[in-house]
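**Student:** Chains as they are written, first to last, in numbering that gives the first Met the number 0: chain A, 0 to 361; chain B, 0 to 398.
Derived by calculation from the structure, the hints in this document are not laboratory data. Any given hint could be a false lead.
To be verified - Derived pair list, reagent style DSS-like, types lysine-lysine, alpha-carbon separation capped at 30 Å:
#1 Lys-149(B) - Lys-53(B)
#2 Lys-303(A) - Lys-314(A)
#3 Lys-84(B) - Lys-79(A)
#4 Lys-34(A) - Lys-265(B)
#5 Lys-9(B) - Lys-34(A)
#6 Lys-53(B) - Lys-203(B)
#7 Lys-334(B) - Lys-231(B)
#8 Lys-253(B) - Lys-314(A)
#9 Lys-314(A) - Lys-229(A)
#10 Lys-314(A) - Lys-53(B)
#11 Lys-347(A) - Lys-203(B)
#12 Lys-334(B) - Lys-27(A)
#13 Lys-265(B) - Lys-253(B)
#14 Lys-26(B) - Lys-9(B)
#15 Lys-253(B) - Lys-269(B)
#16 Lys-79(A) - Lys-108(A)
#17 Lys-197(A) - Lys-278(A)
#18 Lys-278(A) - Lys-253(B)
#19 Lys-197(A) - Lys-347(A)
#20 Lys-26(B) - Lys-84(B)
#21 Lys-197(A) - Lys-53(B)
#22 Lys-197(A) - Lys-203(B)
#23 Lys-296(B) - Lys-28(A)
#24 Lys-278(A) - Lys-26(B)
#25 Lys-197(A) - Lys-79(A)
#26 Lys-243(B) - Lys-281(A)
#27 Lys-278(A) - Lys-262(B)
What the hints assert, rightly or not - Label-pair restraints from in silico Cβ distances:
#28 Pro-8(A) - Ala-365(B): 26 to 34 Å
#29 Arg-360(B) - Arg-20(A): 17 to 25 Å
#30 Gly-362(B) - Asp-345(A): 18 to 26 Å
For every residue, glycine included, the Cβ atom is placed at its ideal position computed from N, Cα and C.
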Amino acid sequence: MSTTTAAQPRLTDVGPPSYDRFLPPIVKKNYGQWKYHENLAPGVLCHVAESGDRLYTVRAATSRLTSIQTIRFFAALADKYSGGYLRFTSRNNIEFLLTDKANIEPLKKELAAAGFPVGGTNNAISNIVHTQGWVHCHSAATDASGIVKAVMDALCDRFTHENLPAKLRIALACCLNMCGAVHCSDIAILGVHRRAPKINHETLPRVCEIPTLISSCPTGAIRPATFEGKPSVEVIEEQCMYCGNCYTVCPAMPLADAENDGLSIWVGGKVSNARSAPKFSKLAIPFIPNHPPRWPEVVEAVTKIVEVYAANAHKHERMGEWIERIGWPRFFQLTGFEFTRYHIDDFKHAGLTYARTAQIRY
Amino acid sequence: MAEDGNGRPKTELLDELEKGPWPSFVKEIKSACQTSEAPKDLLRQLELSYEERKGHWKHGGLVGVLGYGGGVIGRYSDLPEEFPKIAHFHTMRVNHPAGWFYTSDALRTICDIWERHGSGLTNVHGSTGDLILLGTTTDQLEPTFQELAKQGFDLGGSGSCVRTPSCCVGKARCEWACYDTMKLCYDLTMNYQDELHRPAFPYKFKFKCSGCANDCVAAVARADLSVIGTWKDDIQVNETEVSKYAAGGLDIQKEVCDLCPTKCMKWDGKILAIRNRECVHCMHCINVMPKALAPGKERGAVLLIGAKAPIMQGALLSSVLIPFVPAEELEETIKELVSRIWEFWQEYGNNRERVGELIQRVGMPAFLDAIGLDPVPEMVSAPRDNPYIFFQTNQGGEQ
């Protein structure tokens, strides 16, 4: 069914709609004139403008994977409580923008009744930024939505209460492509493959450009080879670190494998510049097998990290700042996670993470 | 596969994920079964993935809309005979409005289009920022696109192009926005429509605009060009409000001064003194006392270059390129700078080499030469500590 006819010229490059179209009147009036904000409750912010106007934000979690029925439900709530205006955050939360304070409680009630927890502000765990996983990705080493659901079911109270030492950001990516800022999160859950790609010599010459494929390997593990008289490649398996870049450029190099795919857990990253500079997340647990539907070992590990952090960090200290203060040996001791050879970097610039000092905590 | 009482497939493993307090994506997929057959096969295939612990999507193919090289991610089931309704299940990336603001009418318009042409499943939003329409067939791509375009929406970026720029809420609702993030994001998006829709680069190029150093859109970690708001003059102090915080029980010494990264603040119980020359504009003190402290008045942004995820030479954070650009000069400065960066990258970048990796390969000094930018000490955490210097001895005889 096409709606395009000769009478209606085809449109391209119209770009996104201007944000002007969607700003509530109170925002248009006070644009750039906000004075300060207050926290009225977890998930409820009040921004006060120079004009004295007050804008109330009610934030709730979504599952990111959202049906049109649920979006219409949110739209109806916005009509009822916030003049039809709403927005989403960079972490898959929905925010209703209210001018009438009296609407806050009824809106919260309706959200709660429909199963959308209100929270995610300040020193709470915000929603998990995540990727597609088995729902929609070809290179996934795990599912994304399922683990997020299981982890946040366990940590939901930390979303609806602001009782952590500082904000805590969790992200999940289902492979090393990391479609999500998992490399700079307080806690990162990262899907990993652990088996070299299985080469499909039959299809490879038809579907792949061999020089591009060879140059796609960060460690130079892919070499040209001939298979039954046809051009193909071979993989030096000891050199493969399972990044999957070859599979992205060549579908004849699949590396998914039920027994070897799974998760790794990383900690201590941040993107904010507050107090300390942005930092990468560091390896806490190199491998946990995939155990759908609820990944209990992943839930247990993440919960453990959150609880140890909550019990030990100082106020305002992000995960990475806390670990830098107490030292990594103490982090492993407190969490009970095993420190292994995999925790010591052996890729580029590896030496930068070696302890080059006699300053050691005993 | 057997069906449940409502005409949906039986999914014993996935049903476990309908339990618990957090919003359930399984419920969402089941809900979408009301308007499309595709989510039923999606449930069946996903249940199989949960049983086998393995994905069932084939490598993406090249599909799209006429005249664009991106905006659609081709996706095919590797079991098309078992799951015919998701044999094609392509993603459309819809460029979101800056700051992710919507009206209920705009959302309903998109839902209605997607009900007619697709699975009824979405992501609000994808990791780069686009509104993701998840799952449709090849023949529906063009009609969906044209209906969206008539309503003023367009596709976002995918592949080796300018990816959909994104920004924090900025001046719309934040007192800390040091420049107009939404305007910059929108203007850059409109200016680079051709580069966004028609991939012509070695690899992707991302812009992210954060209004202050709290960096709510993770620009420093995720953007090839990171625009992070800051100010040059003194932090604005409201002494009355400082006293109120102290009277209200805030331990200013412990929670503010002691945590300042350069220890540039002093609190004597009455006056909060700041040595602004030593302030690095990290935002901590302002975050803790939003009523009492505010960014200065001489506002603008730091431009940083080169962040990316690990593939392929390792993850990078962006590093400083221009320490301060006044807010009113940001857009022109960025456009001018980016044209020089792209010229060099398009000439020398390898296939699938992000700008950050190109800089690692050729070295920042060579990159600065190429884009005509003078080195300044703000670009480094420290000068080099090795003496292997490539002196440019062939440049103009004795000094």
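**Student:** Look at each hint and say if it fits the structure.
**Tutor:** Hints versus structure:
Proposed proximity of Lys-149(B) and Lys-53(B) is contradicted: the alpha carbons are some 40 Å apart, above 30 Å. Taking the CA atoms of Lys-303(A) and Lys-314(A), the gap is near 19 Å; set against the 30 Å cutoff, the hint holds. This hinted pair does not check out: Lys-84(B) and Lys-79(A) have alpha carbons roughly 36 Å apart, beyond 30 Å. Under the criterion of a C-alpha separation no larger than 30 Å, the hint pairing Lys-34(A) with Lys-265(B) is consistent with the structure, at around 24 Å.
Straight-line distance between C-alpha atoms of Lys-9(B) and Lys-34(A) comes to about 54 Å, which puts the hinted pair past the 30 Å bound. Among the hinted pairs, Lys-53(B) with Lys-203(B) is consistent with the structure: their alpha-carbon atoms are about 28 Å apart, no more than 30 Å. For a cut-off of 30 Å, the pair hint linking Lys-334(B) to Lys-231(B) stands: about 22 Å separates their Cα positions. For a cut-off of 30 Å, the pair hint linking Lys-253(B) to Lys-314(A) stands: about 10 Å separates their Cα positions.
Taken as a hint, the Lys-314(A) and Lys-229(A) pair is broken in the structure, with Cα atoms around 64 Å apart against an allowance of 30 Å. A hinted pair counts as satisfied when its Cα atoms are at most 30 Å apart, and Lys-314(A) with Lys-53(B) does not qualify at roughly 42 Å. For the suggested pair Lys-347(A) and Lys-203(B), the alpha carbons sit about 23 Å apart, so the restraint of at most 30 Å is met. Restraint check: the Cα-Cα separation between Lys-334(B) and Lys-27(A) comes to about 27 Å, which is no more than 30 Å; the hinted pair holds.
Restraint check for Lys-265(B) and Lys-253(B): the C-alpha separation of about 11 Å stays at or below 30 Å, so the hint holds. Only pairs whose Cα atoms come within 30 Å are accepted, and Lys-26(B) paired with Lys-9(B) is accepted, the gap being roughly 13 Å. Pair hint Lys-253(B) plus Lys-269(B) holds up; C-alpha atoms about 15 Å apart against a cutoff of 30 Å. Of the supplied pair hints, the one linking Lys-79(A) and Lys-108(A) holds, its CA atoms being roughly 13 Å apart against a limit of 30 Å.
Restraint check for Lys-197(A) and Lys-278(A): the C-alpha separation of about 35 Å exceeds 30 Å, so the hint is violated. Taking the CA atoms of Lys-278(A) and Lys-253(B), the gap is near 24 Å; set against the 30 Å cutoff, the hint holds. About 26 Å separates the Cα atoms of Lys-197(A) and Lys-347(A), which keeps this hinted pair within 30 Å; it holds. Taking the CA atoms of Lys-26(B) and Lys-84(B), the gap is near 19 Å; set against the 30 Å cutoff, the hint holds.
Restraint check: the Cα-Cα separation between Lys-197(A) and Lys-53(B) comes to about 15 Å, which is no more than 30 Å; the hinted pair holds. The suggested pairing of Lys-197(A) with Lys-203(B) holds, with an alpha-carbon distance near 27 Å, which does not exceed 30 Å. Proximity of Lys-296(B) to Lys-28(A) is assessed by CA-CA distance (about 21 Å); at most 30 Å being required, the pair is judged to hold. Taking the CA atoms of Lys-278(A) and Lys-26(B), the gap is about 36 Å. The hint is violated against a cut of 30 Å.
Restraint check: the Cα-Cα separation between Lys-197(A) and Lys-79(A) comes to about 55 Å, which exceeds 30 Å; the hinted pair is violated. A distance of roughly 40 Å separates the Cα atoms of Lys-243(B) and Lys-281(A); the hinted pair therefore is violated under the 30 Å criterion. Between Lys-278(A) and Lys-262(B) the alpha-carbon distance is near 21 Å, which keeps this suggested pair within the 30 Å criterion. Here the CB-CB span from Pro-8(A) to Ala-365(B) is close to 47 Å, at odds with the stated 26 to 34 Å.
Between Arg-360(B) and Arg-20(A) the CB atoms are about 43 Å apart, so this pair departs from the stated range of 17 to 25 Å. The beta-carbon spacing between Gly-362(B) and Asp-345(A), approximately 24 Å, falls within the hinted interval of 18 to 26 Å.
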